[in-house]
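*Asks:* Residues per chain are reported as follows:
2 protein chains.
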Amino acid sequence: MAGPVSPLAPASFPTLPPIAGVRLAAAQAGVRYKGRTDVMLAELAEGTSVAGVYTRSATRSAPVLDCQQKTGGAATGRAAFLVNSGNSNAFTGRAGVEAVEALCAAVADVTGIDAGRIFTASTGVIGEKLPHERISAKLGELTGALHEGALEEAARAIMTTDTFPKGATAEIEVGDARVRIAGIAKGSGMIAPDMATMLVYIFTDAKIAQPALQDLLGQLTDRTFNCITVDSDTSTSDTLLCAATGASGVDVEGSAAFADALEAVMLDLAHQVVKDGEGATKFVEVRVTGAENDDDARKVALAIANSPLVKTAVAGEDPNWGRIVMAVGKSGAAADRDKLSIRFGDIVVAENGWVSPDYREELGAEYMRRAELVIGADLGLGQSTATMWTCDLTKRYIEINADYRS
Amino acid sequence: MAGPVSPLAPASFPTLPPIAGVRLAAAQAGVRYKGRTDVMLAELAEGTSVAGVYTRSATRSAPVLDCQQKTGGAATGRAAFLVNSGNSNAFTGRAGVEAVEALCAAVADVTGIDAGRIFTASTGVIGEKLPHERISAKLGELTGALHEGALEEAARAIMTTDTFPKGATAEIEVGDARVRIAGIAKGSGMIAPDMATMLVYIFTDAKIAQPALQDLLGQLTDRTFNCITVDSDTSTSDTLLCAATGASGVDVEGSAAFADALEAVMLDLAHQVVKDGEGATKFVEVRVTGAENDDDARKVALAIANSPLVKTAVAGEDPNWGRIVMAVGKSGAAADRDKLSIRFGDIVVAENGWVSPDYREELGAEYMRRAELVIGADLGLGQSTATMWTCDLTKRYIEINADYRS
Numbered sequence: 282m283a284g285p286v287s288p289l290a291p292a293s294f295p296t297l298p299p300i301a302g303v304r305l306a307a308a309q310a311g312v313r314y315k316g317r318t319d320v321m322l323a324e325l326a327e328g329t330s331v332a333g334v335y336t337r338s339a340t341r342s343a344p345v346l347d348c349q350q351k352t353g354g355a356a357t358g359r360a361a362f363l364v365n366s367g368n369s370n371a372f373t374g375r376a377g378v379e380a381v382e383a384l385c386a387a388v389a390d391v392t393g394i395d396a397g398r399i400f401t402a403s404t405g406v407i408g409e410k411l412p413h414e415r416i417s418a419k420l421g422e423l424t425g426a427l428h429e430g431a432l433e434e435a436a437r438a439i440m441t442t443d444t445f446p447k448g449a450t451a452e453i454e455v456g457d458a459r460v461r462i463a464g465i466a467k468g469s470g471m472i473a474p475d476m477a478t479m480l481v482y483i484f485t486d487a488k489i490a491q492p493a494l495q496d497l498l499g500q501l502t503d504r505t506f507n508c509i510t511v512d513s514d515t516s517t518s519d520t521l522l523c524a525a526t527g528a529s530g531v532d533v534e535g536s537a538a539f540a541d542a543l544e545a546v547m548l549d550l551a552h553q554v555v556k557d558g559e560g561a562t563k564f565v566e567v568r569v570t571g572a573e574n575d576d577d578a579r580k581v582a583l584a585i586a587n588s589p590l591v592k593t594a595v596a597g598e599d600p601n602w603g604r605i606v607m608a609v610g611k612s613g614a615a616a617d618r619d620k621l622s623i624r625f626g627d628i629v630v631a632e633n634g635w636v637s638p639d640y641r642e643e644l645g646a647e648y649m650r651r652a653e654l655v656i657g658a659d660l661g662l663g664q665s666t667a668t669m670w671t672c673d674l675t676k677r678y679i680e681i682n683a684d685y686r687s
Numbered sequence: 282m283a284g285p286v287s288p289l290a291p292a293s294f295p296t297l298p299p300i301a302g303v304r305l306a307a308a309q310a311g312v313r314y315k316g317r318t319d320v321m322l323a324e325l326a327e328g329t330s331v332a333g334v335y336t337r338s339a340t341r342s343a344p345v346l347d348c349q350q351k352t353g354g355a356a357t358g359r360a361a362f363l364v365n366s367g368n369s370n371a372f373t374g375r376a377g378v379e380a381v382e383a384l385c386a387a388v389a390d391v392t393g394i395d396a397g398r399i400f401t402a403s404t405g406v407i408g409e410k411l412p413h414e415r416i417s418a419k420l421g422e423l424t425g426a427l428h429e430g431a432l433e434e435a436a437r438a439i440m441t442t443d444t445f446p447k448g449a450t451a452e453i454e455v456g457d458a459r460v461r462i463a464g465i466a467k468g469s470g471m472i473a474p475d476m477a478t479m480l481v482y483i484f485t486d487a488k489i490a491q492p493a494l495q496d497l498l499g500q501l502t503d504r505t506f507n508c509i510t511v512d513s514d515t516s517t518s519d520t521l522l523c524a525a526t527g528a529s530g531v532d533v534e535g536s537a538a539f540a541d542a543l544e545a546v547m548l549d550l551a552h553q554v555v556k557d558g559e560g561a562t563k564f565v566e567v568r569v570t571g572a573e574n575d576d577d578a579r580k581v582a583l584a585i586a587n588s589p590l591v592k593t594a595v596a597g598e599d600p601n602w603g604r605i606v607m608a609v610g611k612s613g614a615a616a617d618r619d620k621l622s623i624r625f626g627d628i629v630v631a632e633n634g635w636v637s638p639d640y641r642e643e644l645g646a647e648y649m650r651r652a653e654l655v656i657g658a659d660l661g662l663g664q665s666t667a668t669m670w671t672c673d674l675t676k677r678y679i680e681i682n683a684d685y686r687s
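Protein chains in written order, with the numbering used here: chain A, 282 to 687; chain B, 282 to 687.
Just so you know, these hints were derived from the structure itself, not from any lab.
Honestly, I wouldn't trust all of these hints.
Identical copies go unnamed one by one, so any copy, or any two together, can satisfy a pair.
[As the list claims (entries may be wrong)] Dumping the calculated BS3-like pairs for lysine-lysine here, alpha-carbon to alpha-carbon at most 27 Å:
1. Lys410 x Lys351
2. Lys410 x Lys315
3. Lys410 x Lys620
4. Lys351 x Lys620
One chain only, chain A, in its complex shape (with noise of 0.2 Å):
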């Protein structure tokens, strides 16, 4: 399964700094991989809230509806988010069910964390007995284990077909105050909005109640982790959570400076979960402008963004713009052929219904031979605009999944 890793991966992985109240710990617990760690295991300091978004697929795992329930209240308790790669519990049936009772129960049994603060996820296979006893035998060594500086370890721990660890942070100066948000993430395939597929987990030692962090986190999501897509499959296990452990002091409600700060995190994040995208040599930003509305924007990015012809263009490098016409008029969204425009970049490649009269062929060659893209459509019909980021459709995207059991 380990394959080479991305192109477009960050050189390293960003120094991530301790988040008061936050320690975690990562081991072998033998789910279905050898040789590396497959479970982690995250304790939250008295005074957490906890906030998550959550996969609307019809069919999620039953982690998911577990969390789902959990999610919510004014519970300020200590809190635990226990996370396994190989195996995704999801359509297990009773058992499924089961499993997560199981190690909630031995959780709480090992920390004393109440069971209704115990978040957990699975991700990998779908389909197959989760083998929860073999994590449970952990957590001893894990909850041992457990210190502040562990994130890079849990990131590594909750890979699947990912390349690389995923992590994110940022600071903000509130007064003689500093908030810290952290954040790691994993996803690589069966990633499409809504929500973009994958398991993130945000660490914040700022002070924010439970339903002001869970409005905040939903309004970001639609902006970062719902506006990218590597092949339109939507997983049955995408978990998104956020603690907030309270321990710096600062309230940051209706804080601004917090609020962007936890985005750029969030859109770092979901940047890497694409650029870490099945087979992916392009990341691909789709810009869309002047759509009637915002749901027509949204409609053709998310065509140009999925079109399999689009995507492998840009794998060829092939700066062919006709198969973004195509997606335009596939979308649904109103456009009109004549007042659309198309560019690489800076590069206004169509325009009123035909190719732009000073665009060359050997500019948009030499375009498309970048790492990172630009693909702009303006369909020049009103004020909405929408981005959305993609990766290309490789060859490699096709060994990965033809072979990989997800």
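With chain A held as given, fit chain B onto it using these hints.
*Replies:* The following block gives chain B in isolation, referenced to the frame of chain A:
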């Protein structure tokens, strides 16, 4: 561009009977390809009704817009179809419209057919000016060569990435008389409803007024060409034309036998398009049952048939039913994990929210080695059903589309 013939291709092109009132010819106009035919002309006798169904793309091509304008009405004079491959004359602005007008005028000039009864189509690269004068230059040669037995020649002339020409036929007896139907199609990539991306020409010597033929064609399209998908991308050029010359003297308005025969020809051609899906090695029928309503049934069928993860699993002969569960979940249709069941052919794979107790991986693996597969999903919620046909997603699809300018 010429690759190996699809492993799913029929052993040979079928023997198509001449259709009284229809004469065809093909020629090498050098629009884009060298050393092969790339233009076909069909001449339809006095008394012909012409019905058409077209792409719903908002960026449809100039010839499609022209054909739409000409479709309908009570006219039954002589008519002609002129089709070229290699250039789609789509997104070519004013020049595109002028090319269509010039071609229609030229055909009218050479044949004496009213320009309002001349239907053109173009298929191939988007956004490049159609060198229509190369086609006009061949009209003398084409009209001189017109003959009733040229359906296969015509099928070959309209191919683009197709690896085999597509034809189908049916015959019904009405009393002592005989009604014949013969059709040809092209299509391989950019295939998705609505409607399946392709050019299709069906000829019959049946007698039927335009409005009745148009109604019938629309209904049958929903059960045939609108039920296939190769890559979820919708062409700007999709055109299905049916010409009924009336030469048999048999009035088929309201005839169930004729409708069945026409549907059989359309379904045969639709299946051939999927079997020539770019890079296809497997032909997959997706059968959804037990949906709450027709819309949901279709959503689920389409989600499965378009899922890159399902299609790569089929390519890898991996009985990865978890991905089918995923596709059901993402479809947006009402689904209940615990009522859903999944089948490979007659093999019950999953039911009651989990893998079936009788299912063994070897059974699924054995089944997946077939060239033609049936994936069944029963939602267990109602009586609605839908069937879609698709193919697998292989590296060859990427090769074809990363390199070919379509």
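*Asks:* Of the hints given before, which are not true for this structure?
*Replies:* none
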